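When we follow our numbering, the leftmost residue of the sequence shown carries the number 1, and every step to the right adds one.
Possibly wrong hints are sitting among the right ones.
Simulated restraints on C-beta separations [to be verified]: (1) Leu140 to Trp15: 37 to 47 Å; (2) Gly21 to Glu249: 12 to 22 Å; (3) Gly222 to Ser137: 16 to 26 Å; (4) Leu65 to Leu251: 49 to 59 Å; (5) Asn181 to Ala147: 20 to 30 Å.
The hints are simulated quantities; they were obtained by calculation from the structure and are not laboratory data. All values derive from a computational prediction rather than experimental measurement. Where is the CB? At the ideal position from N, CA and C, for every residue including glycine.
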Amino acid sequence: MPRKSSKSSKKNLFWQIVLFGFLSLSVLGLFVFIFFARDLPRPERFGELQTTRPTEIYDRTGEVLLFEIFGEEKRSMIAIENLPGHVLNAIIVAEDTSFYKHIGIDPKGIIRSILANIRTGTRGQGGSTISQQLIRSSLLTAKKTIARKVKEIILTLELERQYSKEEILEFYLNQVPLGSNVYGVGAASQLYFGKRSEELSAAEAAILAAMIQAPTYYSPYGNQTNELHERKEWIINRMEGAGYITEQEALAATNEKLEFSQPLIAIKAPHFVLYVLDQLFEEYGEEFVRAEGLRIQTTLDWNLQEKTEELVDQISKMNAGFAAHNAAVIAINPQNGEILTMVGSKNWFGTSFPEGCTAGIDCKFDPKVNVATTLTG
């Protein structure tokens, strides 16, 4: 009997130690959570970040976009329901295959990615979930410390608690860095392919998904284009393997010849736009104009502007034999002084004549742009 009682006591002691350890870890975990969570930014900020838009300058009809003015970051907000499925699926297979299954943290995914990377000798897929990446790039610093990792986990769990998977994915699509100071799939599709994100093909979507891991390294304008296309093929194969696209669609995406847009500034009526910007910056300040997402409707007649640009080009060619290599035109409504068209030179990158097309006209007219601004979003 004493021996049996001794065994029972040891067993009870063991479970008491286990229970004490569990309670201690729980209290410690709660303390760590409170300590790190008290000064953390709130995930509600994503609702505010979503309203960030570029300031847009339009012609007199409000239909022809002349120029977009970005702040430090170029963004073009998109709604997830407007995107084709292959855009979403390409990003999911590239960055977080278990996105719809986990609670923000995916331990199995971390282990799986480590083993896969060791096996292949490359870094095919990272261990961080889309939710973690969103928190890390939007609310935390890039400094790698244990404290930051703890904050990342806490915020990720809170993010998943407050928002649906669709909302989180939409936040991510509008926040993810894609090189050249561009953030989000919307702005990236315009920069790299010259089209709206709704128009992206499966191959183009795979390219953008491939760039997420290292935007500068995988830039289509850089020296690692072979590596970029290899990663694109890897993503297409994963999309097929997951059943997102058929074998025929995968083959078509693999064979599609991609054409990247030249990294140029998209601007119409440049001399006029710069003239408008000078007025806006003087009146409201440059920081306000760049940051507030204004919609600016001007007096420019775009149809007349196009015809005037053609006329200036023709006259410049005709006068080249007389050592006159440039020309400029400005058309003003004599009744109210509104500027209808402005061409400062045959070539925007050449020397404007005369002085941006505004010198000397104040003696007869008071040119007006009549800028009307409204907040977008």
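Is it true that Leu65 and Leu251 lie within 49 to 59 Å of each other by Cβ? 37 Å, violated
Taking the beta carbons of Gly222 and Ser137, is their distance inside 16 to 26 Å? 21 Å, holds
Between Leu140 and Trp15, does the C-beta distance stay in 37 to 47 Å? 40 Å, holds
C-beta pair Gly21, Glu249: status relative to the range 12 to 22 Å that was hinted: 53 Å, violated
Does the Cβ distance between Asn181 and Ala147 fall inside 20 to 30 Å? 29 Å, holds
Violated hints for the displayed structure, listed by number in ascending order: 2 and 4.
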